[in-house]
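Q: Protein chains in written order, with this note's numbering: chain A, 1 to 335; chain B, 336 to 670; chain C, 671 to 1005; chain D, 1006 to 1340.
Just so you know, the hints here were simulated from the structure itself, not pulled from any lab data. Treat the numbers as computed from the prediction; the structure is a model and nothing was measured. Please note that a few of the clues may not be correct.
[As the list claims (entries may be wrong)] Cross-link-like lysine to any residue pairs, in silico, SDA-like; alpha carbons within 20 Å at most:
| no. | chain 1 | residue 1 | chain 2 | residue 2 |
| --- | --- | --- | --- | --- |
| 1 | C | K836 | D | K1274 |
| 2 | A | K140 | A | Q86 |
| 3 | D | K1274 | C | T857 |
[Unchecked claim] If you want a taste of the chain A side facing chain C, the calculated C-beta under 10 Å gives, among others:
| no. | residue |
| --- | --- |
| 4 | I92 |
| 5 | L135 |
| 6 | H138 |
| 7 | K140 |
| 8 | S185 |
| 9 | E186 |
| 10 | H189 |
| 11 | F190 |
| 12 | N192 |
| 13 | E195 |
| 14 | P233 |
[Stated by the list, open to error] Covered stretches of chain B (in silico footprint by chain A; criterion: 3 or more residues with CB under 8 Å from a CB of chain A, positions within the stretch not fixed):
| no. | segment |
| --- | --- |
| 15 | 344–356 |
| 16 | 494–508 |
| 17 | 532–541 |
| 18 | 558–568 |
| 19 | 573–585 |
| 20 | 606–612 |
Beta carbons are placed, not taken as given, at the ideal position from N, Cα and C, and that holds for glycine.
Number of protein chains: 4
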Amino acid sequence: MINVAIVGASGYTGLELIKILINHPKFNITYIANSEGGVNVTDLHPSLDGVLDMDVQKANANEISKVADLAFLALPHKASMGFAKQLLALEIKVVDLSADYRLQLDTYEKHYCPHEDKENLKHSVYGLPEFYNGLIPHAKLVANPGCYPTATLLALVPFVPYIDPKSNIFIDAKSGVSGAGKKLSETTHFVNVNENIFAYNPFGHRHAPEIEEKILELTDIKANINFVPHLIPVNRGMLVSIYATLEDVCDAKQVLKDFYADDKFVRIKDEPVTIKDTSGTNYCDIFVEQNGNSIFISSSIDNLLRGASTQAVVNANLMCEYEEDLGISKIAYVP
Amino acid sequence: MINVAIVGASGYTGLELIKILINHPKFNITYIANSEGGVNVTDLHPSLDGVLDMDVQKANANEISKVADLAFLALPHKASMGFAKQLLALEIKVVDLSADYRLQLDTYEKHYCPHEDKENLKHSVYGLPEFYNGLIPHAKLVANPGCYPTATLLALVPFVPYIDPKSNIFIDAKSGVSGAGKKLSETTHFVNVNENIFAYNPFGHRHAPEIEEKILELTDIKANINFVPHLIPVNRGMLVSIYATLEDVCDAKQVLKDFYADDKFVRIKDEPVTIKDTSGTNYCDIFVEQNGNSIFISSSIDNLLRGASTQAVVNANLMCEYEEDLGISKIAYVP
Amino acid sequence: MINVAIVGASGYTGLELIKILINHPKFNITYIANSEGGVNVTDLHPSLDGVLDMDVQKANANEISKVADLAFLALPHKASMGFAKQLLALEIKVVDLSADYRLQLDTYEKHYCPHEDKENLKHSVYGLPEFYNGLIPHAKLVANPGCYPTATLLALVPFVPYIDPKSNIFIDAKSGVSGAGKKLSETTHFVNVNENIFAYNPFGHRHAPEIEEKILELTDIKANINFVPHLIPVNRGMLVSIYATLEDVCDAKQVLKDFYADDKFVRIKDEPVTIKDTSGTNYCDIFVEQNGNSIFISSSIDNLLRGASTQAVVNANLMCEYEEDLGISKIAYVP
Amino acid sequence: MINVAIVGASGYTGLELIKILINHPKFNITYIANSEGGVNVTDLHPSLDGVLDMDVQKANANEISKVADLAFLALPHKASMGFAKQLLALEIKVVDLSADYRLQLDTYEKHYCPHEDKENLKHSVYGLPEFYNGLIPHAKLVANPGCYPTATLLALVPFVPYIDPKSNIFIDAKSGVSGAGKKLSETTHFVNVNENIFAYNPFGHRHAPEIEEKILELTDIKANINFVPHLIPVNRGMLVSIYATLEDVCDAKQVLKDFYADDKFVRIKDEPVTIKDTSGTNYCDIFVEQNGNSIFISSSIDNLLRGASTQAVVNANLMCEYEEDLGISKIAYVP
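Full structure from sequences and hints, please.
A: Written as structure tokens, this is what we have:
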């Protein structure tokens, strides 16, 4: 058994980490923290009543180093790098769910803020297991991808070599409201979202440079990414619809099947994918259709799980040399 | 006052026609029919209790000719052309909400079935008022556009001259469930739709050739249309997200403003459009954003109103030389 | 034409007042205000773009007295009585949508706060037209009922004389989220409400004493009211389920039909009522079923319209000696 | 390990049984059937792709007797008793999720149909573990309770001795749409349910006699049950609001705490219960509030789990002398 800490337990991804790790056969939760401490986990998450009775601490790296060997950080951007730096100095392995270690320095500083832990940034590994599984097992610090990049890269990367490099790639993404987090805002008010749908931050979302950078890293191709997210009136789930123009003929479905032949958590589907079939799981479902030189790729993930917390635990599994699917749910919430 | 008939009163668009025409200052409903007859409108639509007390007839063209000068047909494809033919022979003006008179003969027969009223098809006018308002006033037969083509053409046509003709145009459309009609199906079962989203008929929907044909008619340009509709868990509303590659630089927002300077039912918005702001109205809201040579155009309509019934009444207004907005709601249901 | 002011235009009921009054044949909106002013109504409510172009003022009673003869106050409790007092001193008629003038002094002060306009409170008329239509036409100040009392009293009052006075009356009410207003709270966060239902303030809601007091006024019977509201995941609509024990045998449906024989806005239904059939209207639909000496009465209203804004305009119609249904919508939003 | 069969795998409760039993440490699924057979489970339930690859058989009792020692029947009423009879003759233990063995003969025949397996009916045990845990371990046939009776009895039985026996007990129940099953109907059409709520079968639902009979069995008191179910626009979850009049003073919360002191799957809550907190689990959450001699009891369950499939597996655990919570989820789907 490996002792683990969860830092940032108040939000949705923190709750999901708790829910996964409670039943994990090899990870043992020894420390749960948020920015304030002084409550029980059931105060933060009443549904855990009867399931987990544990104090929530005010996050403290030294305390963590006494009781855990690995920490999951579900903290806001910027707060995370300050805390990760302390943990790494204490030789605690870190899976960071924020954006702080996902990007190269210049990309990060352009889209977020000055970086405060450049040294560790150099050695962080991007935690998309299908693409970085050679590096993750040796990493001390894994940067868990954003939800949009996860769903997009898994669908798009296999086709990048076939796409006309001069053409535009368009990504129309649809996210459930839990992706916006627990904080109160006009955008998350029930009456504003229910019976509604709209784009937000078109061409301006910070996940777009993350997608572009990773495609370049993985394929050596500079793709023309145009990313438009939409908010949909569901609690959880993410559907990403990608539109591109092919340069080379390909049997698109076969491309996917070959690419993911050895991967347990990607399913290639014959019918358009639904968010219901992946909700509650770590699966990414992918469907593809062609029309002349046009291609439509549709991927579905659970934004809080494959887009955050189960993927974080998969990364931890790999970092600790366990099977990647150890303790990871494959059973959807459907219906 | 002009006496009008509504044929096909059982479905959602039939109900919307009744709701609009009850309060219309110049149209007087004298005849309501469905395929069976023998009931009251309140049996079909209990919400009309206290509002309209009228028998529903078994549809009969001769009876209509005795009591009405204009008929709205909210019938299924194929059934509509048989009935319209009879009405036109009796000199009744027709606004047809089906697909039967929207397309040129060869396009229609390729995507639907053999046409049974080729003569009237030649003279039908496509009822998108912003583009065909010169022809509609003189028409005996107006073919009301589909909901997807309405939202798509209004957003896309102004930009067709600027788009790289060799590039692909991608249309990611999202429709509320009322667009699938009242009939029972797996797709409309609450549990399958709620907390879900998915594409259907990708690149295969019959509204795509309607869009292509009308763009060619209107701009003389053969556009490469790639159309993918999605079902979203809302009752009504349609959001269409269009992605294209520009050949010529343009100030996209100004293009829209100039194009629709004289139109009452198109609103150019500074923020991404929402379906909530058009739900209950005949408005089409349009937003546009650029990213290098990429363009994102987002339009919102009420699929049952601008996508069907209010647009039908606007067409009838024009056919009868009334103001186009006579009796047409501009006030959204929001919240 | 009578000039009217709307004070408190930012919230949902303010928006609904604007939507109704724009098309009212006899009321002319001359003044719209909120607590800040300095914006256009379309800034507050983007869906009014193209519909109404009017500045929003910082609320000022003297300014209102120059341009309007009647004011609708959609203000928070307590704020309302301060403002109404000024308007009444200036001889402006007032329809107040807050709780400030609904209750007798002692009831009000027990459940809300010290009253600051006791003089006008004495002369205010409770604006439930079916019960107080003799008084409303002569009133200078009408206190518009709460949404829960409206739906409850219309369903319950006809049966009070038949109910065992020693037994308990139980009211299980279900309200859409717009009833909680626009302000941000845990309770209105989409993720907390969607796919959820729960009671709140059981036996403790301030609408319970309003119901008790009005039953006593109307029937001279002290009823044992037990009121439990629930929040349901819909935008608008209210269903009230009332359970009681009869002392005297009655033909319950006939009781309702006789009671409301002359009322335009109450519909007695043969099937259990739905919120969909009243949403968008001023109707109250009522259904009743008996089981031995048990009775179940179910009523449905639109919480923002019959429960607030259309009822306010009906009251204004009566105060100005117009027909009660002048300019009031009877057509539901369905589907 | 004990081999088990699931008969009736097409519906929602069949799917839930599969999802639970896949991960159960002691039960091994050896046989899955529906009325047709000839498909894979992933054809019935695409979300099981990658999770379970198993043929679905046409249900046959002899085949089951070769491969399983216990069978779960998720069949329609009437079909179930025919099949259970065969299995019991072959010495297969049965957990029946239908109504066929829940009621005494006369109650059953009054509300359902003539009974075709009277012999086994005599020996069936009602599978509500908190109340019948003395009998379940020795049973060959357990009749799994209905969802409404489960949520109602757990909330109500502790208070029956305190309730005025001459007074009426009112049960206002709210169920998610999955309770209506997979079959297509007006009632399950998305557009009819979404943004709606209504009562159905008021005072006429067949779960009312089940509730009355079990209260009499358990407390020897004939309670006056008045049951009104409502349909709410959520996929899963059930909230039951019970209203009653107390004869004897009691500390209601303490009554609950004492009654359920030893039960793992009942949680007594300080705040009104929500369906979100039990969704995905076998928990029944209960909240109680008093107002003079009035009492309000609110209970929440997952209608498909505590109201069907996890409760069935708890019963199977007890029949096989395992811990009742073996393999049973306590972790809610929230958010």
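Q: Hold the hint about E186(A) up to the distance rule: shortest CB distance to chain C must be less than 10 Å.
A: 7 Å, holds
Q: With chain C as the partner, please determine if K140(A) meets the hint condition of a C-beta pair closer than 10 Å.
A: This hint is violated: K140(A) lies away from chain C, its Cβ roughly 34 Å from the closest one there, beyond 10 Å.
Q: Against chain C, run the beta carbon of H138(A) and see if the smallest gap drops under 10 Å.
A: H138(A) check fails; min Cβ-Cβ to chain C is 37 Å, beyond 10 Å.
Q: Assess, step by step, whether the Cα of K836(C) is no farther than 20 Å from the Cα of K1274(D), and give holds or violated.
A: The given pair, whose Cα atoms are some 31 Å apart, is violated under the 20 Å limit.
Q: Does P233(A) pass the interface hint, meaning its C-beta sits closer than 10 Å to a C-beta of chain C?
A: Holds, about 7 Å.
Q: Let's test the interface hint: is any C-beta of chain C closer than 10 Å to that of S185(A)?
A: 7 Å, holds
Q: Regarding the hint that L135(A) lies at the interface with chain C, is the smallest CB-CB distance below 10 Å?
A: 34 Å, violated
Q: Would you check chain A against the segment 494–508 of chain B, counting CB to CB pairs closer than 8 Å, and say if three or more residues qualify?
A: With 4 residues closer than 8 Å to chain A, the segment 494–508 of chain B meets the three-residue bar; holds.
Q: Would the stated hint for N192(A) survive a check requiring a Cβ distance to chain C of less than 10 Å?
A: 8 Å, holds
Q: Taking a Cβ-Cβ distance under 8 Å as contact, does the segment 606–612 of chain B have three or more residues in contact with chain A?
A: holds (count 5)
Q: Mind checking the CB of F190(A) against every CB in chain C and telling me if the closest is under 10 Å?
A: Because about 4 Å separates F190(A) from the closest Cβ in chain C, which is inside the 10 Å limit, the hint holds.
Q: Does the segment 558–568 of chain B contain three or more residues whose Cβ lies closer than 8 Å to a Cβ of chain A?
A: Answer holds; 6 residues pass the 8 Å Cβ test.
Comparing the model with each earlier hint shows violations of hints 1, 4, 5, 6, 7 and 15; every other hint is respected.
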